[in-house]
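Heads up: the sequence lines are chains A and B, in that order.
Mapping to my numbering: the first sequence position 199 is 199, numbers consecutive.
Mapping to my numbering: the second sequence position 168 is 1168, numbers consecutive.
Hints are supplied without guarantee of correctness; some may be wrong.
Claimed, not checked - So, partial list: chain A residues that the calculated Cβ filter (under 7 angstroms) puts toward chain B:
hint : residue
1    : P86
2    : V104
3    : L106
4    : I149
5    : I276
What the hints assert, rightly or not - Simulated crosslink set (DSBU-like; lysine-lysine; CA at most 35 angstroms straight-line):
hint : chain 1 : residue 1 : chain 2 : residue 2
6    : A       : K239      : A       : K123
7    : B       : K1014     : A       : K123
8    : A       : K123      : B       : K1118
9    : B       : K1118     : A       : K74
Just so you know, the hints here were simulated from the structure itself, not pulled from any lab data.
Ideal Cβ positions, reconstructed from N, Cα and C, are used throughout, including at glycine.
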Amino acid sequence: MVGYLLRRAIGTIPVILLISLLVFLLIHAAPGDPADLLLSDQATPQDVAEARHRWGLDQPLYVQYLRFLVNVLKGDFGTSFRYSDPVITVIGERLPATIELAVVSLLIAVALGLPLGVWAGAKPNSWADNLGSFFGFFGISMPNFWFGIMLILVVAGYLNWLPSSGRSTYGIARGSETGFYITASLLAGNFAAAWDGVRHIILPAIALGTNMMGIIMRVTRSAVLEVMHEDFVRTARAKGVPERAVLWRHVLRNALVPVITVGGLELGTLLSGSIIVETVFAWPGSGSLLISAIESRDYPLITGTVIIYTLAFVAINFMIDILYGFVDPRIRFEK
Amino acid sequence: MRATRWRVIRPLLKPKIVVGAGIVLILIVAGALAPWIAPYDPNAQDLALALKPPQWLFGAHVLGTDAVGRDILSRLFYGARVSLIIAVTVVLISGVVGVGLGAISGYFAGLVDFVIQKFVEVIWAFPPLLLAIAIMAFLGQGLGNLILALVMQRWISYCRVARGQALSMRSREFVEAARALGASDARIVVRHVVPNLFQSAVVIGTFAMASAIISEAALSFLGLGVPPEIPTWGSMLADGRTYISTSWWLALFPGLCIFFTVLGINLLGDGLRDLLDPRLKRSGSGIG
């Protein structure tokens, strides 16, 4: 197990190197000199020349790349133009909001998608299957940015049930400064603040989670459909295990591997979806930060966010690999 | 004769395929005929008529007008055209690149395979839309960059499937027979391997088309798509968001168009997959 993890961890190193190379090349493929891009519009030619030297832009490309790589590995993405703080600090402040939103979206997606998929897969062509398939297609076809706008229009605007933007109501005390409002408020026993946080997160989390819900439903359905024909299901039924237990204990457990695989891959979609949904709901996370960075041409911040999101995705996939072993003990980590 | 034709058509008459193909057909017709069926020039502004609500069948502007008085319906028709052209181009380029590299990767194996698969792995490591956002952010707006950004993310799904199939074809009789007859590697790949990858490519292509339309709309929505003078559903939606509290029709109609188009393509893809390539079923969704 440890050997496997080590090999997998080493295997991701070339991928991370290539990711950084790709981002580096992208910055250099941008029209204009990086110094022009990386300096503000007010920079004089002297400033540019000085900056070119300071940043090593007068050096050969491979030297520049190695320098970039070393900085990235140190977590040094430079200073944001707009916030005049190190990029890593700016992103770090916004990351908890994104993580909180992503986790709640994922919970919604799994809580709806998994049971729908199991019911649909257990009785193909029944009304449960039709209902499930409807939700499945609805989920994978719904553009999250439009769904978000419609939720704002109807639920926040017309019905006035929930707030339309932001993370908390001004004046309601936040639980703490960790950035995880709901968790922190709950831990601090401040239920008013926690409830306020929940009210704010519901709409963006639904907008973001719908897509994933559809995908999880569809994968669960086809996985369950496949497992239902296995011998051990017949055996379980023959020895008198109640149908409910057959389904939720025997079938689901065995259907989970493909669900986790696809679910893990789709976490990437969730991450990039959060960029858009955060923008729609003015959610102060790292996704909306990226978009405002693009709008203000804050290139160090763009580079930092892109790399951190990608590394997060690589880390998530790594963790999913580990998860397999727990869900399906047949998968031994020898290979 | 009639019986044969029926045998070909009948499997296609699944509800998913019929509904999906119907929606796609409407889209194609709307896009192709946009200059003739659109009641107005999509970019004609008339500030006196700004933000008129939908007049349905009782007025000049059936679905209303936007903030500068442009006719929503006309812009939707032209938007269909833009979405369609971009999506088809992206899917074709991705398909050719992905299937080509996949066939080469699987057929030659060894070092070529290693290099191509490393590249696939790197692209795969990016969250789907993020790479496109990064490309647009650094390279700037424009049709060419948009297509590049969308292709970058899409060819890998063709490549992965094509590689797996090509790998299994290496030792199959028909490939060995061709080799025994003296066919060159290039000829075997082009004439014998690639045609066998076609069916899966069609299925992947359908889903890729749906995802390309959503991604294009998302990028346009973020202001990272084609230049603003070209009407697209995504940019219409972005405009509509500004007026959401007063003028609901601005955001409703383009979004409905995106949703139903993507739904139609997904239904079609699902139907085609059941028909052509049930092995792909596990993948659960399209891509990205």
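For each hint, the structure was consulted:
1. P86: 20 angstroms, violated
2. V104: 18 angstroms, violated
3. L106: Given a least distance of 14 angstroms, the restraint on A:L106 is violated.
4. I149: 5 angstroms, holds
5. I276: This hint holds: A:I276 lies near chain B, its Cβ roughly 6 angstroms from the closest one there, short of 7 angstroms.
6. A:K239 / A:K123: 21 angstroms, holds
7. B:K1014 / A:K123: 20 angstroms, holds
8. A:K123 / B:K1118: 41 angstroms, violated
9. B:K1118 / A:K74: Holds, because 25 angstroms separates the two Cα atoms, which is no more than 35 angstroms.
Hint compliance for this structure: hints 1, 2, 3, 8 are broken, all remaining hints hold.
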